[in-house]
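Below, each chain spelled out in residue letters.
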Amino acid sequence: MIGGLFIYNHKGEVLISRVYRDDIGRHAVDAFRVNVIHARQQVRSPVTNIARTSFFHVKRSNIWLAAVTKQNVNAAMVFEFLYKMCDVMAAYFGKISEENIKNNFVLIYELLDEILDFGYPQNSETGALKTFITQQGIKGQTKEEQSQITSQVTGQIGWRREGIKYRRNELFLDVLESVNLLMSPQGQVLSAHVSGRVVMKSYLSGMPECKFGMNDKIVIDKAGKGGVTDDVAKSTTGKQSIAIDDCTFNQCVRLSKFDSERSISFIPPDGEYELMRYRTTKDIILPFRVIPLVREVGRTKLEVKVVIKSNFKPSLLAQKIEVRIPTPLNTSGVQVICMKGKAKYKASENAIVWKIKRMAGMKESQISAEIELLPTNDKKKWARPPISMNFEVPFAPSGLKVRYLKVFESKLNYSDHDVIKWVRYIGRSGIYETRC
Amino acid sequence: MTDSKYFTTNKKGEIFELKAELNNEKKEKRKEAVKKVIAAMTVGKDVSSLFPDVVNCMQTDNLELKKLVYLYLMNYAKSQPDMAIMAVNSFVKDCEDPNPLIRALAVRTMGCIRVDKITEYLCEPLRKCLKDEDPYVRKTAAVCVAKLHDINAQMVEDQGFLDSLRDLIADSNPMVVANAVAALSEISESHPNSNLLDLNPQNINKLLTALNECTEWGQIFILDCLSNYNPKDEREAQSICERVTPRLSHANSAVVLSAVKVLMKFLELLPKESDYYNTLLKKLSPPLVTLLSGEPEVQYVALRNINLIVQKRPEILKQEIKVFFVKYNDPIYVKLEKLDIMIRLASQANIAQVLAELKEYATEVDVDFVRKAVRAIGRCAIKVEQSAERCVSTLLDLIQTKVNYVVQEAIVVIRDIFRKYPNKYESIIATLCENLDSLDEPDARAAMIWIVGEYAERIDNADELLESFLEGFHDESTQVQLTLLTAIVKLFLKKPSETQELVQQVLSLATQDSDNPDLRDRGYIYWRLLSTDPVTAKEVVLSEKPLISEETDLIEPTLLDELICHIGSLASVYHKPPNAFVEGSHGIHRKHLPIQHGSIDTGESPVSTGPAAPIEPAQSVIPSQGDLLGDLLNLDLGPPVNVPQVSSMQMGAVDLLGGGLDSLLGGDLGGGVGGSPAVGQNFIPSSVPNTFAPSPTPAALSSGLNDLFELSTGMAVTTGGYVAPKTVWLPAVKAKGLEISGTFSRRQGQMYMDMTFTNKALQHMTDFAIQFNKNSFGVIPTTPLPIHTPLMPSQSIDVSLPLNTIGPVMKMDPLNNLQVTSNVHRMVPWSVLGKSRRADLQRPISQSHTVSGKLQNDNIYTIAKRNVEGQDMLYQSLKLTNGIWILAELRIQPGNPNYTLSLKCRAPEVSQYVYQVYDSVLKN
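Just so you know, the sequences run in chain order A and B.
So that you can map any letter, position 251 of the first sequence is 251 in this note's numbering, and since no number is skipped, the others follow by simple counting.
So that you can map any letter, position 29 of the second sequence is 29 in this note's numbering, and since no number is skipped, the others follow by simple counting.
The hints are simulated quantities; they were obtained by calculation from the structure and are not laboratory data.
Just so it is clear, the structure is predicted and the values come from calculations on it, not from any experiment.
Here a beta-carbon is modelled for each residue, glycine too, at the ideal position from N, C-alpha and C.
Quick look at which bits of chain B chain A covers, simulated, 3 or more residues with Cβ under 8 Å:
1. 175-182
2. 571-580
Computed list of lysine to any residue pairs in SDA-like fashion (alpha-carbon distance at most 25 Å, straight line):
3. Lys27/B x Thr134/A
4. Lys84/A x Ser265/A
5. Lys327/B x Pro326/A
6. Lys45/B x Ser97/A
Bound conformation, chain B alone (with noise of 0.2 Å):
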């Protein structure tokens, strides 16, 4: 007898004839009714009518009767509360039943209907039943408790079930203990702060033995809890992955995806010249290689967190490039991922390898392949200089072969070479203007006209080239339009003579045909500095462009972070943090990777405490350097980074340029073309002796500053700047008795160590004296030390000692590092700012206002804000005494205690600095 005929029903009057069949008098009549209706409602036919005469065929022995009862109970009850009632004394019934199996089955039903009326009801029951003597009827309570707080999370709360749960983690069978920890887990999502799992190095023992005993499920769950866990210091650490590292022979791939991704967490608490750590890395390339033999969806996965896995710890597979190379008959999806991996090894040990691969996927069908093939090779040439040569043969010979979507990718992956390696491959220039007909994509067109612009004294008709594609202005992309703009005006600069009216030309279309602002804003740039002053046009317009980055297309480093804590997960595969694709999930906090206690060139003790953030440069959210000047002149710094952030900056920067263009252009033309901060700087008396613990300055110093950005100059000195508590430098068990505190502090515009000396020891000390070692800042002190009487036990002294900023500079890791020596010691090694290593401070900040204001007191100034979905987005400048600004951008939430801080720096080192004085200025 076959089953399939009840999909065949199709006939009118079908809901009365399955009444009648349910309410039939034999047995085997009324199971076949109950499976038509349960065809029926696959099929999406709404069948909620029967519902009565299908909770009547409740009450039977006929297991399987039952269960397509359920099936149905669960589909309806929603829609019909009221009846739904009369279930439940079946289930409080079935509860009891001395079969295990039906016990299981009743608890697991009863958590499925989600009707609040029923719900009470079958709270009895399920406490039994967490507490039954099967492990079969406890494990499905588990998860049954997870159910009930789906649907009332106040209830399950109320009725204690959460410590059930908690003690089943205890529970002498694995499959109980997963699954308790699988419904905590899910619980504890929803209430971030509740230490739900209670997490101590006890109950992770529990979880690590009952890892090596339960089902490859069970095993996922129990991995994927293990990854939410800090240990305390690296030996824990090491031992739960030594526990861990077996798992990576699982056959199943989630379970050893889950086991690298609590390796890859743990990795950061190894000391990294630990032969533990090394020996962790060779381990973990293996079974990652393995995973790719796998199913094509699973390899999917894999490559996808291999993806962010490569970015992380390059050194795990690089030896394993081959692995990566693309098989005729990979489908479409893993043969990208594959290319994508394949770029980020390549490297000059393997580079002719991957070249020669990447030839033969040019000539693929797939037409997205073949251009990321392309623009690969592209890649390649950029990334690594010895084969670029042999790279642009290779596109060379691609361009000959004049598919038309070929060449395009080829000339705008060559356009970016020629900003790698300029005046290097311009012979190769002629070849591409062959094809110039052919271009139908903006891209491409960008690209081309950029090349042709910026190589005019070398292309005898230039002119001709640009003009022919002047003919259909106004139906071109903005972005061919920019470019075309920048190109004719520095084909003007170049070769002035014979250019004037196409110049004039492109002007006009520029400024009084278009609509769009951006381009008319550039054109009036263009036309008012050709008018004004031609020789600073020239350079501006054909200043020396930054280099490009050798890396693209890389994961924002604390997205990366954040990504590595979710390894095997969706996000992983998305490459997209959770709450981008989770609904209502806004309220779950953020995984960060574990850091590091305690620094070893320090003695202090960590100050750090919970799931602190990462401090990663988090250089690339803003653009790279100079890219807001680069913008105007059109320079491509490489492929867009794609974060959100960026577009959001380049906004704020262009309203800035719009408001303060006029009175810019109006005074000094040689300071620079927009308001962009970086030309900023000529404004600013070079002396502001900012550093790198802020103080009040005198307002005329940074006039010139606040008159530009007008910002009131009552502000900076009303109130005094913050000034870091003292701390203690040298703690008197490694100084033989003496202890140092102290601090840094501006007064009038001088900078000052302020530094208590306590003498703890048993003998007096005489003859103190300090050397400044040299550091990154120049710092000396101006005046030797003045401590000029014996320091007597148990007594301290406060010193002032003027520092200035004159003295030899030498680049220090740490930057803030400095050294000094006085004669009662040996060196000691101490650094200049406290160790707190957190970014997301705790600290309620309710107004943006307030915050730049006080920022301002410590020589941050605020250049533009704007609010961006409801956060305020900040963006400020400050300088060190050697030189460096920062530009850094601060996003604050209201009502949100914490902020986001981006910077962008030509020193990325000093950014893990700047967020200390940032967390310690607004924490005050």
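Looking at chain A on its own, in the form it has when it is part of the complex (with noise of 0.2 Å):
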């Protein structure tokens, strides 16, 4: 199991350590900052071994954080601990830094003494951890305050307390998808998925029980065979549902249950939290096409000619679009004309990139440059990195529908009526990219 935690800033001086087992010396956190922070060459693997010691590192902005181990431990569960330890730590005091790491450093080591049992991981929800680890100390609870929160802290749902009240039983939905796309010059799709992703605000009362529906093509399929004609299979009738490759959920939800029935229910934690992650390969909506031209015209010059189209309803507006299109090395010198936005070179980028802040759907928009070069006696000829593009649209590319969110409370007298829902769907693009 884990051995012990250390985080140090980007000179490598340690800021937390903390160890929790014998076999982890103090050199441990010297040999990590000797051998990975301050080595000369770039970090080759998250995981490194040095003298029959395991090191796990992942970085947050400057910070580094290492778990030492000498067993053979269970690697995806170290770095999962790593990644819950900054969530944590994030939503206790903001953003992970040095100065707020030592400006807490006591209540780091008093999280760390609670989800870490000598290298076991124990409870880390956050709802549940701040009942009861606050920097207030707790002299004023009552028995039954402690009892709840052990309970809670050992329950089977750990992620959320009894007893939370609202006056106004509110829930926002945001469908939020990331579409990866890479295409090759002449157009033809090398690879393109959309990872996409459920998350939930809930304001709700006491211990509601959930139930989400989605255009989940083996439910509707199902739904289809069964025969069932309720309002919901009305509504979603035609080619209105999606295949999902893979879908993962956030540990409230009854994995069994959705292993045996395709159902998603849970009882939500209070606040925003994940409720799935989800990928599709098929039946893609493409935002945006882009067509690069690049030509060489002798060895000093280049031109490039990028065509974006935009490929959906023409009542929608695109938003915050970029294109970053990549340019040799030894650019000197580069001209620009754009009909829409604006384009600048940026030599430190070595890129043009072009910004459009919104774009109708079913549009077409172009940029050419001149590209003047340096003669240089370099051999090796310019990599040609692909094109890529950001941008955000106000819907889901891979098609998914959120069909219901059912809230029953059966011991509150609420009903699924009472709840104020909103849902808002997001795209944005996540790796898109056109080779050139």
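Make one complex out of these two single chains by using the hints.
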């Protein structure tokens, strides 16, 4: 199991050092600093073995988090734990920075004592932790409160406490998708997939039981075969369903129920959390198409022309569009002409950055540039990195639709209809590249 | 108020000031001071001298302060054991506190104070906490048992804490169960044989129930524990799998990977043709792909594991190659791993796409990545024949870029392509030669030299080219020197007229001016060959080379199986068994994949029990066929397999070569160049009637072999060989009352099938006859079945049937399957050998010479022996009647009843049976 956990600043100074196991000595702290943080070359692996001691590290801005062990631990678990640790710290004091860590070092030690026991991760849900790790001490608690805390920390529903009350029961659903594309210069899709997340903010009283439904092909097909004719089935007739390659769920979702009935039911944590992640590869709506044309005119000049076409309903507007056209290292000057938006050559980034604030569907726009090159005697040809794109569109490129989110709370007297629900779809570019 | 100021105090006399503050009257001041002490401790200052003052602050209602003091205690208690006793009272008191959080805190901290004197005092509080009414305290106490065990294992056992821990597996609270499982798993690792966890179907059921309810971390502990369980049959395996599969949708990648581990292990037990088996395979692929959309570090762990899974069960991800395409922004460690998996998944169906990708990668910036991409193109050419032409032209394009490391890497892979497709792409040699001057890496130089030597007859100026390398001969690496030597000898044999001077030059350089024994020996061999018998030299040096294999860099199968048992763990990331990087873990037993019980082709009951080792032909441990000879001729048989045994085997063979060289060369040169056992077959009368069931052989027959290897000939006749005891081939229930049991033996060089026929029916039986179907070894009876009298009920008769091996040969599956028909019954398949499926034997073998003597009685000859790291390594050879040669490496550790057997053979199918023979011979 995890033998120790260290947090360093960018210089390699130790900010937090907590050792759980006897086999990890003080020298381990220095070994990591010398061999990884101060290492000459780039980090070649997130797992490093130094003198039979294994170091797992993740970096958050300038901060290094390292877990150390001498045993054959579950490596995936160690990384998941480090991510979780970052989440917990962020939930307590915001951004993970040197200053924040120094300011909260007592709290961090307290957290580390709680969520890692002898190197075994324990309950690390912030919802539960915040009930008893408060930095205020726990003087005023009654016996009931204490046992409520412990039963929550160890209980089956460790992510939600009892007795939550809201005057207005409200929930917000965000379907956030990032669409990834790799396209050949000829416009052939080399790979495309959408990785989506359903993020939920719930402000619900009591211990509500929720059921989430979407236009999952398997569910719809099953419902169609069974001859179900309720309003839900009707509203989703046609080819509206999508094929989900795979999905993963927050730990609140009953996985065995999903496995057997493919229904998503859960008791939600309070506040904001990620309900599920999913991945689709079929019938993806690619919001933009990039058509590049690069021509080398002699040895000192390049002509680049890039056309972008928006491919969605004309009534919708895409925002924050940015096209990044890489330029060779020996570029000496660039002239750009674009039909829409603003374009600039950024020498420090070796790219022409073309920005468009808004663009409606079924439109197209074009940029052309002349790139002057310094003559070099470098034999190696320019690698021509792909043209990448960023954007945001108000729909889900996978075609996912939320069909329902039902809330049942039998003990309190509010019904599904009393809950105010909001749904929003945002599609963003992930790695959206076209080779040129 | 912020805490960062505590980090900044840095003046002199700091400790003194802190001491004063710690004894301040005001609570607030004391708390501040403790914080300062902890900050100082964090940055590595020694504040142990404040021990008594800090411990004084322990008696407080303030939980925050208490936690800080405990943190200090955990750090320094060991250095101040006497004073640490002061804290005991406080712990004992806290364990009685009405607040469960305080009770848990006390029990948690207690276990972290590693002072022997204290631990005794902690037993009583711990015992209470293990039975606490509050689950939070119980789950903390469960981990505390593991802590205590780490300090004083004996005490934990004596105090009965292990039993209490086992009781917690049935706890009503899932988190308590999970922590108890984690603690027990850790403790049982140091007691490999104790069966601490007592995994029985009932407990497994409890774990599976808790699995649905506990935290994500708890799920990981439980899944990792489940993976150590061996279900008793396929039904149980399937039902566990059914309850584990939902975990594949968990958001935590470690839960997913641990679930994959359980499923991968239990898949071994499911019948391959069942629907469930195939459904399960299909279910495994999407979650693995999803892991690649996680954070880069998790992606890396996932990719390292996928690399193993793809080798074990390529069918799972064969459709998913696209997800392994490299993204421009991937961290380099992700890129390299993806590339590795891409090559493994490359097939005729997707080769066009893969090649297009690889070509892109070859223009990237990172040198390692580019090199690997170039190498990958070469591997594609070798793997998918249809793509070879395209690969070659891609490689030529890359050579035209003149980027130094790309060119060198390309030349190395082109050499391999030439090996795979001889006489197909020689037209490009001219282009390669243009780049001769830019090659500065030994690999690339050696590859180029090999190409020139191999195709010397087509290159007009081959002699000039090779001569140019000769100038700096002594500055070259050994690899280049050896290759150059061979290449010039080849050249000489092809164009003897013009190159005599050159060859003499290189021979004298190699034999007279070099200190390298390998080089010298090789030089002498060539020299003698050339001077004694040029025709033979030609035969030897220019002989046809064995083809190189398509798959390279494969992990050796037994290691792969072991790593599959460690999916998700560090071992799977390093691709090394845990004992390679964990200290003091030599006693830990290695994990094995479970084995499907009961074989389908026989009605016999399974013999194997317990965690039996998988029987996989471990061919790759020993260099592939003809490698010893190949090495001499400087054939590169693909990238070296990076398993330590390889080099040791080569070493052993070299010793052999050195010792026996003179006598060998003095004798029949036509026999071969070295003592390579593969060549040795010329010395052995081909009629050595050794068979799969070895038995005594007249010494005269094997004397040639014995002389050669200076074995004592007496050994073979003094004691009889091993004859397997009779086993029931045909149970009475299957054959209407006739039971046949039997074995094979050898007497005076004649092979016999000894059988006992027993009539268990109520009628008598007559008219026995026997017929052998075509089998792998051409075994047929020489006389009819000598049973002439009726067999009365409950009577039995012993028969010995002489056999020979001149019958028609047909390869059977399994190899040793022999089908016999008798007229009393329909065709009855039975296997020649028992069905024992163990490679790890439990018989104490202390001295290797007893082993070799024993084996020699059974016609398994030891040809070399050496001692590596206290282990005896025996190299042995045996031959089957149908001319199949088998080389074996037997590794014996004194005092360890187990031994490791690695085999090399042209017919890998037989290796399984050889394992069995060794097993039964050595056990007897």
